[in-house]
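S.K.: Listed below, chain by chain, are the residues.
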Amino acid sequence: MPSLGADMDEGVLLEWLVRPGQQVHKGDVVAVVETSKSTIEVECFDTGTVQHLLVEPGTTVPVGTPLAVIGTGPQATHPASAAPRRRRAPVPARPKTPGAVPHKAPAEARRPAPFAPDAARPPAPAPVAATGPLVRHLAHDRGIDLSAVHGTGPGGRITRTDVEHAAPAGRRIPASPLARRLAEELHVSLADVPGSGAHGVVRAADIRAAAEAAGTVTASAAAPAPVRPAPARRAADRATAMRHAIGALMARSKREIPHYYLSTTIDLAAALEWMHEHNRHSPVSERLVPAALLLKAAALAADQVPELNGFWTEDRFAPGSGVHLGVAVSLRGGGLVAPALHHADTLALPELMAALKDLVARARTGRLRGSETTDPTITVTNLGDQGVESVFGVIYPPQVALVGFGRVVERPFATGGLLGVRPVVTATLSADHRATDGAVGARYLTAVDHLLQKPEEL
Amino acid sequence: MNRTEALEIVKDSIARIVPDADFTRLGPDEKFRDALEMDSLDFLGFVETLIERTGLAIDENDYPALTTLSESADFLVTRAAGRAGQPPSP
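These protein sequences, in sequence, are chains W and V. First residue of the first sequence? That's 119 in the numbering used here, and the numbers climb one at a time after it. First residue of the second sequence? That's -7 in the numbering used here, and the numbers climb one at a time after it.
Treat the hints with care, since some could be wrong.
Subject to a maximum C-alpha distance of 27 angstroms in a straight line, what follows is the list of computed BS3-like cross-link-like pairs (lysine-lysine) [said to hold, decoys possible]:
| # | chain 1 | residue 1 | chain 2 | residue 2 |
| --- | --- | --- | --- | --- |
| 1 | V | K23 | W | K144 |
| 2 | V | K3 | W | K144 |
| 3 | V | K23 | V | K3 |
| 4 | W | K475 | W | K144 |
| 5 | W | K372 | W | K475 |
Don't read these hints as lab results, they were simulated from the structure.
Turn these sequences into a full structure, and let the hints guide you.
M.R.: So, in structure tokens, the structure goes:
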């Protein structure tokens, strides 16, 4: 169970999106985990073949618990999430599947029986008992009753192939939870839908396409509208858990981080004029909102002042690799999450806008990826839409800075010796005094200001 | 498009963005952005949906007309009538 944020101690494994025997690559989404704050798609951080799934869906396990075993090469079998707590017998390589990456198997692993731990024991009288753990596990995963399977192996043993061929109709089709829910709602059979996700995992879009093709769906249901899954009581539990998680993390921040705070007022006339001009010539799908410009400026400034972009760990500052801008997203029904816009400083404004829309939508429907919850190197909170003029935020440990933008308001503002009414925004910085001093923070806010005066360069 | 249809489109478009919006507690002259806590991205999504559903041109200058349910419905009716009376703009 990976740590999907500084505030996470445990997680519920909701669903596996892979099966034993499946090839996976680094970065593939392999499982869905629920934390107190969100439902998160967990990405695999290794490439290889899934050998065991160690944790049943629905189980709550602490961070650090091995979730699955991935074979990455000859003998290189190790739990995917943490070091094994006990020594395992080496798991022999599976019979190669067509298309699998060929690898040199050690002599021991070339033995035909795919269940080495049992191979040395005398055969037990009941065929089911003689079945190896890999095969039992596979059968369990697929919901197959081994006593009903005819064994074709030596001495009537049930082999992997027997299980794979048994009752394929009852096989659990890999699909995302959203897809499963939609399939039920729209009366689409998962088995009839070709999956477009990694390794044929059926995604929500596949279900919508299938339902649309079958004509069973109305326009509004077919649209990628946010889905509200949680019944009221579950939502209440979730809200309580989220308050606890936020409370614990923010208390830790205030306990450990000596915050200092800076504030400045930024003239947004140039930026907003540029944005309105852009929007006049753009279809609605490409229109920008002021938040996109503010986020881009915050990201570019973090690149210019790298002392604020990174983490405080082990009593020293570790700079982030790239600017991964955490964006605080308030959730309907309370609470917030601050997932990362990866490499926000390198995204052109339309790209950043699209990425922002996608990120906010997924944050609110509970489909963030693990990397998005763990990667932010600096976070921005934008309370402008909630109507307040300034926000002094609490830093998300182990980050060292948090940028706040308030509401854009029209105020009397003097420039070039003339007083005029101009749109302005209050930008604030909360920063960790262990990592930087006020002069660095001031440099950061000044950089944000300068960037927003040249919106065409954002 | 008559006004009843327009109002339905407005409500549907809001519901797409705020699925748990309770229209029984939202007055026709209440500012729905505030009442439903819609942020700027939500509002943009709402406008996108309106355009998609009606095929009307709605640009940023029109946003102030989309503040309450009542005004939004009136706006759609007027804009649709204007379009029917004129050749389509290039």
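S.K.: Next step is simple, just say for each hint if it's right about the structure.
M.R.: For each hint, the structure was consulted:
Of the supplied pair hints, the one linking K23/V and K144/W is violated, its CA atoms being roughly 48 angstroms apart against a limit of 27 angstroms. For a cut-off of 27 angstroms, the pair hint linking K3/V to K144/W is broken: about 44 angstroms separates their Cα positions. Taken as a hint, the K23/V and K3/V pair is honoured in the structure, with Cα atoms around 13 angstroms apart against an allowance of 27 angstroms. Between K475/W and K144/W the CA atoms are separated by roughly 26 angstroms; this keeps the pair inside 27 angstroms, and the hint holds.
For the hint linking K372/W to K475/W, the alpha-carbon distance of about 31 angstroms lies beyond 27 angstroms, and the restraint is violated.
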